[in-house]
Amino acid sequence: MRSKVFPYLLLAPYLIFFVVFLAYPILRGGYMSFFDWGILGPKEYLGLGNYIDLFSDDRFWRVLGNSFVFMLLYVPPVIIVSMFLAVLLHGFIPGIGIFRSIFFLPMVINVSVSAIAIKWLMDPQIGLLNRFLDIFGIAPQTWLNQQGWAMFVVSLVVIWSSSGFNIIIFLAGLENISKEIYEAAEVDGSTPFTTFFRITIPLLRPVILLVTVLSVIGSLQVFGEIFMLTGGGPFGSTTVLAYYLYEQGFNNFEFGLAAAVGVVMTGIIAVLTFIQFRFLGEREV
Amino acid sequence: MFKSKKFLLVVLSLILVIPFAVSAQDNVTITFWSPFTGPDGQTIEAMVNDFNETAGPDMGVTVDMLIVPWDEYYTKLTVAMASNQAPNLAIAHSHRVPAFAEEGTLIEFTRSNLETLNINEEDFIPALWNAGEYEGARYALPIDAFPRNIFYNKAVFEQAGLDPEVAPTTGEELIATLDAIKAIGDEDIVPIVISTSGSWAVREFYSLYMQYEPNLLNDDMTGVSDNFQEAATQALQVTTGLIDDGYALAAPGDWAALFAQDKVGIVFAQITHVLSLSQIDGLEFGTGVFPQFGPQPASFTLGHNFVLPIGSSQDPDHINASLKFIGWFGDNALAWAEGGKVPATFSVINDPVFGDMTAQAISTSQMDYLVLPPIIPEQSEIDGIVQENLEALYGGQSSIEDTVNRIADEINSLLG
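Residue numbers (our numbering), protein chains in the order written: chain L, 1 to 285; chain V, 1 to 416.
Next up, chain V with everything else stripped away, as it sits in the complex:
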């Protein structure tokens, strides 16, 4: 009697424990580092929560997201990689991927991974797709693009007698628009804000430069392109011309505050700001493509990607779980686009729901001529060289000619 009771207890215990054991074994928790902190931070947090509450349990995947602000994101990610403590899944800018790949810190997305995800290469914007590959291996899966574009203040446009629904698309149209804003005669209104320092100044320079010369570097990536000096000079003549002619400020400061107060007509910015500007009460603004000054249309963009960092927590189960989340994210990319991004795939871009996102959809008209930075590990250093010299130019410490020559010399010295 006693023995049978004991046996019954053991059986009952097993019955109670086994389902939990199976559940614990099936469910995989992945760590995911996200650098998004603004409105797009709220978007990704909502998406991760949605995944964990809906699809995640069915897939047996839980995403444990850690938000690390941009300022310190790459520093912390690098330290985590060096100490073998990197997350299972992370976000990386397209121009950062080659350097991480060169260091051997990223796990390759194999052909089999891509098949598991049911990824169709043809569906991706080619420039974004290509940027995720380094030396023949795929290390990143693009999730979006954020090309340079313009935001214009509709109240200022109306004051200037301009159509508030039409944005300038060429250099001539832009100057005519700025002249109209200037003609309002209000000294507190700045016709246009361009960036004269920091990484945004570099991105605006590339946006203009690539309209004159699509390649920053020569074919074998050992120095600047043959046409660099001429194209860079023309690009910088545009930006310095805007300052010298009184359209733009040499040091714009906090443009968003001025824009919100209807004190700025047009801003060179990027589509990522669409959500934060939308949240400002009473601000009426429109978006437009980056105006074409040069002979060929080109729109400089950066993009965000999913990457799989190496680390002690990576194993086939965790990689597989990350792939499941990436797949779900791709299926729900419209939610991400709402946060102020241009989707990486044509299937989402062509979705009527995305077409209704007016601000983001305008940027997609630039899809055919998106240009990304060169796919080389030294790109961050090149950006640093360009930034330092542009700041010297806009700070009145250097002429256009000296700036261009110095940029060329320093890049050639770095890559040569």
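This is chain L alone, in the form it adopts within the complex:
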């Protein structure tokens, strides 16, 4: 009897947390999306009204486009950079612990703090970056106020702040690859380049899948950096789904519509995750 109950007792803290803070809000969000929902609760049942409004709003499609642009600017570079740095940090070099800490540090810095520092760094008049460019006669750039640059800068900041986490996952994956395989490859005359592409990457496939899935999910949920750095501008060019959801809910008090955006986001994430597992996760190495 004890053995049957005990595992559930161990699982209980997580299950309670999961139900209260994840499952219930998700279901509640889905329910809200069918209503005209204000600050104090439901005003009117709309059926699919919020979804119809959403899909017939040009702005929503622009926002969706922005989200995919961000995903393209963020996901491939963050995977490549994190994997590259993890491989470097996996070797035995003096002061490895210091390097690992340095790369992980941005992860623990609060978004608000890093955003303020980056705003100063990129200020068109007093920013260090523009002062540096000035040495080469390049005119000051308004990185965060130009439609072309703003999303690029935001993605760089998110890559910088999140790569530490991915590096740790890649390092864990690298630790799991047996040294004997590398030794055998070396005996067979494999070059470092060939070893990396023929051994490291194939054996890291599950980790790459994990990092890709997490990065795609993270890219669709990005909010803090955009809220602090650009406020969705200029000209709405950095307004992504999560920021649009926030605007609808907390600026316009359209919580039903915001919930519909959340449901659509969840759907997109689910489809993309399924596709990634389908195409990246199946092949055995």
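Bear in mind the hints are in silico, worked out from the structure with no lab data behind them.
Do not rely on the hints blindly, as some may be mistaken.
What the hints assert, rightly or not - Restraint-style ranges between C-beta atoms, simulated for each label pair:
| # | chain 1 | residue 1 | chain 2 | residue 2 | range |
| --- | --- | --- | --- | --- | --- |
| 1 | V | LEU66 | L | PHE223 | 21 to 29 Å |
| 2 | L | LEU22 | V | THR75 | 18 to 26 Å |
| 3 | L | PRO25 | V | ASP71 | 49 to 57 Å |
| 4 | V | ASP71 | L | LEU22 | 24 to 32 Å |
| 5 | V | SER276 | L | PRO192 | 35 to 43 Å |
| 6 | L | ARG28 | V | VAL353 | 48 to 56 Å |
| 7 | L | THR266 | V | SER276 | 38 to 46 Å |
| 8 | V | GLU401 | L | PHE223 | 42 to 50 Å |
| 9 | V | GLU401 | L | PHE193 | 39 to 47 Å |
| 10 | L | LEU40 | V | ALA46 | 29 to 37 Å |
| 11 | V | LEU66 | L | ARG28 | 24 to 32 Å |
| 12 | V | PRO295 | L | TRP120 | 40 to 48 Å |
What the hints assert, rightly or not - Here are the computed lysine-lysine pairs in the DSS-like style, where the Cα-Cα straight-line distance is at most 27 Å:
| # | chain 1 | residue 1 | chain 2 | residue 2 |
| --- | --- | --- | --- | --- |
| 13 | V | LYS182 | V | LYS154 |
| 14 | V | LYS263 | V | LYS154 |
| 15 | L | LYS119 | V | LYS76 |
| 16 | V | LYS182 | V | LYS263 |
| 17 | V | LYS76 | L | LYS43 |
| 18 | L | LYS119 | V | LYS263 |
Using N, Cα and C, we set each Cβ at its ideal position, and we do this for glycine too.
Start from chain L and add chain V according to the hints.
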């Protein structure tokens, strides 16, 4: 003997406990959310402390203030309202009040409340007073206004051979002043800083627009005013003209840092910055009214208000306690004005002590033609539309004509 001792103990206990019980019952603690974090944050904190140490104990009211920075203030207030955990008293911008009132999240200030506070409607600046009313009910009591104004750097003015005690008041005077600053020949000095992004760009647009057309929306609030396109075009010709003619930067960045280094002549800003600029060592600056470019004087302003959010902690005792604090705050509004605000009441504006606050007092010359945003729940969305399109214009992504047409179309679509 034993019984009488016991009786004596009970009586003594009651004597000791009753005063505390009465005191605890009489004293009401109200929660108050304030979004002020800069110099005005220090001012309101000092005022609340002063109240809690002096008048509060006599009134039986303690104010427990929580400072929530502006960036997250409305988000947290909204969540608190939704979860029935809102504070007893809060601050809200005038243009935010209609949306909160429409959602049913604010308690009305009744006629009896206003009588308790001894409030005289005639004493308030009309535009501010009217902005606190929505659909015939009063939901907000104004405490200040912060109209757009200019700050000018006296050192730069002296370098340009200008009188450092005289600020330009019209468009022609402003251009002449900027020409003089330009003539200094120092490329590092920016003649004027205007805002080309964010909410300040919107406020500057409204400031100019309302000099050409006082109404942003038509009479029945279903779309932009009939004269919108023409007035908006003229307003934007002013701002883009300042950039195109080399007076202003398209992307000014951190203007306060440049202003402090005597690298900026004039800034379009708001009076709330007066205290933070005063705290910069060695900076000599003056204030002036927002220059008049259009045919009619108009000064766009926003204001702060006291509001009573609904919530589980609200009951007649707490509402009454909030009213007592509001009343005390009104009586001590001079202290608030010192923090860089224009008072909401004429009685304070006409006080000689306020007249000595030179920077703030200059703004009061605009009192007769203050203009606030339309009193509709959708105003925040309208501001968002205007901001997005202005950023496209200043970012070189759109022409004035396209910008104006798009703003009009989007507002009409929102309200229509």
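Here is what the structure says about each hint:
With their beta carbons about 24 Å apart, LEU66 of chain V and PHE223 of chain L fall inside the hinted range of 21 to 29 Å. The supplied range of 18 to 26 Å is met by LEU22 of chain L and THR75 of chain V, whose beta-carbon atoms lie about 21 Å from each other. The hinted range of 49 to 57 Å is not satisfied by PRO25 of chain L and ASP71 of chain V, whose Cβ atoms lie roughly 23 Å apart. Against the hinted window of 24 to 32 Å, the Cβ-Cβ separation of ASP71 of chain V and LEU22 of chain L comes to about 27 Å, which satisfies the hint.
One distance hint, 35 to 43 Å for the beta-carbon pair SER276 of chain V and PRO192 of chain L, is violated here, with the actual separation near 57 Å. Hint check: ARG28 of chain L to VAL353 of chain V, Cβ distance near 54 Å, so the stated range 48 to 56 Å holds. Taking the beta carbon of each, THR266 of chain L and SER276 of chain V are about 44 Å apart, inside 38 to 46 Å as hinted. The hinted window of 42 to 50 Å between GLU401 of chain V and PHE223 of chain L is violated, with their beta carbons roughly 35 Å apart.
GLU401 of chain V and PHE193 of chain L have their C-beta atoms about 57 Å apart, which leaves the hinted 39 to 47 Å range violated. In this structure the hint that LEU40 of chain L and ALA46 of chain V lie 29 to 37 Å apart at CB holds, the actual value being about 35 Å. Under the hint 24 to 32 Å, the C-beta atoms of LEU66 of chain V and ARG28 of chain L, about 27 Å apart, fit the expected range. Between PRO295 of chain V and TRP120 of chain L the Cβ separation comes to about 41 Å, which falls inside the hinted range of 40 to 48 Å.
The hinted pair formed by LYS182 of chain V and LYS154 of chain V meets the criterion: a straight-line CA distance of about 15 Å does not exceed 27 Å. The straight-line distance between the Cα atoms of LYS263 of chain V and LYS154 of chain V is roughly 11 Å, inside the 27 Å bound, and the hint therefore holds. Of the supplied pair hints, the one linking LYS119 of chain L and LYS76 of chain V holds, its CA atoms being roughly 24 Å apart against a limit of 27 Å. A threshold of 27 Å between alpha carbons decides the hint, and for LYS182 of chain V with LYS263 of chain V the separation of about 12 Å falls inside it, so the pair holds.
About 22 Å separates the Cα atoms of LYS76 of chain V and LYS43 of chain L, which keeps this hinted pair within 27 Å; it holds. For the suggested pair LYS119 of chain L and LYS263 of chain V, the alpha carbons sit about 20 Å apart, so the restraint of at most 27 Å is met.
Checked against the numbered hints given earlier, the structure breaks hints 3, 5, 8 and 9 and satisfies all the rest.
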